[in-house]
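K.L.:
Chains as they are written, first to last, in the numbering used here: chain A, 26 to 246; chain B, 326 to 583.
Hints were generated in silico from the structure; no laboratory data involved. Any given hint could be a false lead.
Once the Cα atoms are required to be at most 20 Å apart in a straight line, the calculated EDC-like pairs of lysine to aspartate or glutamate come out as [to be verified]: (1) B/K539 with B/E513; (2) B/K351 with B/D556; (3) B/K385 with A/E185; (4) B/K539 with B/E501; (5) B/K539 with B/E361; (6) B/K443 with B/E413; (7) B/K396 with B/D493; (8) B/K443 with A/D146; (9) B/K396 with B/E361; (10) B/K495 with B/E413; (11) B/K385 with A/D146; (12) B/K407 with A/D146.
Taking beta-carbon pairs under 10 Å as the criterion, some of the chain A residues facing chain B (in silico) [said to hold, decoys possible]: (13) P154; (14) P165; (15) L169; (16) A245.
Note that the coordinates shown come from a computational prediction; the quantities given were computed from them, not determined experimentally. All C-beta atoms, glycine included, are put in the ideal place defined by N, C-alpha and C.
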Amino acid sequence: MTLDFSVLLRFQEALAVGLWTTIKLTLICVVLGCSLGFLVGLARTSPSIIVRGIASVYVEFFRGTPVLIQLFWIFFCLPLVLGVELSNLASGVIALTLYMGAITSETFRASLKSVGREQLDACIALGLPRHVQVVNVILPQAVLRAVPTLLSNCVSLFKESALVSAVGMADLMFVGQNISNNTARPVEVLTIVALIYFAIAFPLTRAVTLIEGRILKKLAI
Amino acid sequence: MTAASAPLVSIQSLHKSYGPHIQVLKGLDIEMKPGERVVVIGPSGGGKSTLLRVMMGLEKIDSGAITFGGKPYISSSDLAAKTVIDTEVRRSIGMVFQHYTLFPHLSVIQNLVLAPCKVRGEKKASALQRAQALLERFGLGAKANAFPAQLSGGQKQRVAIARALMLDPKLMLFDEVTSALDPELVAEVEQVILQLANQNLPMMIVTHDMWFAKNIASRVIFCAGGVVVEDGPPEQVLGAPREERTREFIDRVFHIKQ
Ligand SMILES: Nc1ncnc2c1ncn2[C@@H]1O[C@H](COP(=O)(O)OP(=O)(O)OP(=O)(O)O)[C@@H](O)[C@H]1O
Ligand SMILES: [Mg+2]
Numbered sequence: 026m027t028l029d030f031s032v033l034l035r036f037q038e039a040l041a042v043g044l045w046t047t048i049k050l051t052l053i054c055v056v057l058g059c060s061l062g063f064l065v066g067l068a069r070t071s072p073s074i075i076v077r078g079i080a081s082v083y084v085e086f087f088r089g090t091p092v093l094i095q096l097f098w099i100f101f102c103l104p105l106v107l108g109v110e111l112s113n114l115a116s117g118v119i120a121l122t123l124y125m126g127a128i129t130s131e132t133f134r135a136s137l138k139s140v141g142r143e144q145l146d147a148c149i150a151l152g153l154p155r156h157v158q159v160v161n162v163i164l165p166q167a168v169l170r171a172v173p174t175l176l177s178n179c180v181s182l183f184k185e186s187a188l189v190s191a192v193g194m195a196d197l198m199f200v201g202q203n204i205s206n207n208t209a210r211p212v213e214v215l216t217i218v219a220l221i222y223f224a225i226a227f228p229l230t231r232a233v234t235l236i237e238g239r240i241l242k243k244l245a246i
Numbered sequence: 326m327t328a329a330s331a332p333l334v335s336i337q338s339l340h341k342s343y344g345p346h347i348q349v350l351k352g353l354d355i356e357m358k359p360g361e362r363v364v365v366i367g368p369s370g371g372g373k374s375t376l377l378r379v380m381m382g383l384e385k386i387d388s389g390a391i392t393f394g395g396k397p398y399i400s401s402s403d404l405a406a407k408t409v410i411d412t413e414v415r416r417s418i419g420m421v422f423q424h425y426t427l428f429p430h431l432s433v434i435q436n437l438v439l440a441p442c443k444v445r446g447e448k449k450a451s452a453l454q455r456a457q458a459l460l461e462r463f464g465l466g467a468k469a470n471a472f473p474a475q476l477s478g479g480q481k482q483r484v485a486i487a488r489a490l491m492l493d494p495k496l497m498l499f500d501e502v503t504s505a506l507d508p509e510l511v512a513e514v515e516q517v518i519l520q521l522a523n524q525n526l527p528m529m530i531v532t533h534d535m536w537f538a539k540n541i542a543s544r545v546i547f548c549a550g551g552v553v554v555e556d557g558p559p560e561q562v563l564g565a566p567r568e569e570r571t572r573e574f575i576d577r578v579f580h581i582k583q
């Protein structure tokens, strides 16, 4: 069998549209998921055992089950439970947001914990009221510390988002599968699709390393 | 009692433990008069940091009380086993720690103005002006916009002192503020503290640096085993201690130095 990548030239536009869908989906779920993760991360440090309990059940459930099953469950079962029809875009966004929320909440929780006791001592010695301690001292440092891991979380989400093709969303992966079915050239098509994912994910992971170094240097005192 | 001799701080039979097994302070009594500069020395693990942390309101106590300017501000209530802290009084006390504890995400000048703006509601412009003046005075004028990670240890510690001074404390607590520094940086920090001593700012200083202790103290307290062993002028406690335990400690420390 000879490889023939030229068949793909005809599908440039379709691939671009699929990629754009993937990027849009990722960006939406990054914003929603990080916000959710931030709140859940805070909830997991709450003094109320009920709030903490709910938050950790959510996190453990979504971290402990395959994303593909979460996606199917939201696509097929949630409409039955809620009695509403969900578009495949909506179920994709909900599933990936919940997944992203669960993993980033762990990131936020760890970074909140990493702001040491000494910083709190300094706050108290300066007489800072509790809300100032949280808003001006703890949260900015926690968020700064979280940035590298959050970026890694985003890269994971970008790759995991390929799963939405399984519920019929026309993302990059879905388009790739279609082309491969139509042309009977799975090797060429899937290779190119993989390279496209890689071309975006790789610079991001390199950036993570760079940014991490900078932030650690800044926060090292 | 006349006003001049009324104590600024009075610590009465202070007991403090960490958990059921680690008793650190076992009935400490200290009286500090206005304008005094008390240096606390003693063996490692003797509870010197704990004493300062309690005075700053950073630790709970088991029993006893501390008054400031005649007002009780730290006491323990036997009923609820709670430590009661008057945060209003506590605001007149400033503390500098061994490890700087600057806010790493804020520039030097932002470190200085955070508390005055947020605690006292001072206008940002006026706080910035005072902060810049203070930095100039401590030889840090050019570093106002640097971040803590870009400073040397000695510079960081001077910033930490300036940050505490922004709130016009009536008493400063220094806990081994030069211990983490490279030897060549120690002097620049001690100079700043000596400057404050010249203005009669009351302070309590924990240090292992006997040269510094001798130069700054108006009074020296030797603490060991959770109690005050000896308390007197520096010439006595450092030069000719009356207590056997103090003498042993002083001999050992000076011996190591030479
Ligand atoms: N948070 C804590 N929990 C448990 N034990 C503690 C805690 N902080 C201090 N200790 C213990 O209390 C004792 C007194 O500690 P402290 O730091 O007050 O001593 P120190 O006189 O300042 O010593 P050094 O000269 O080494 O700084 C030590 O035995 C220490 O291990
Ligand atoms: Mg200590």
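K.L.:
Failing hints, ascending?
P.N.:
3
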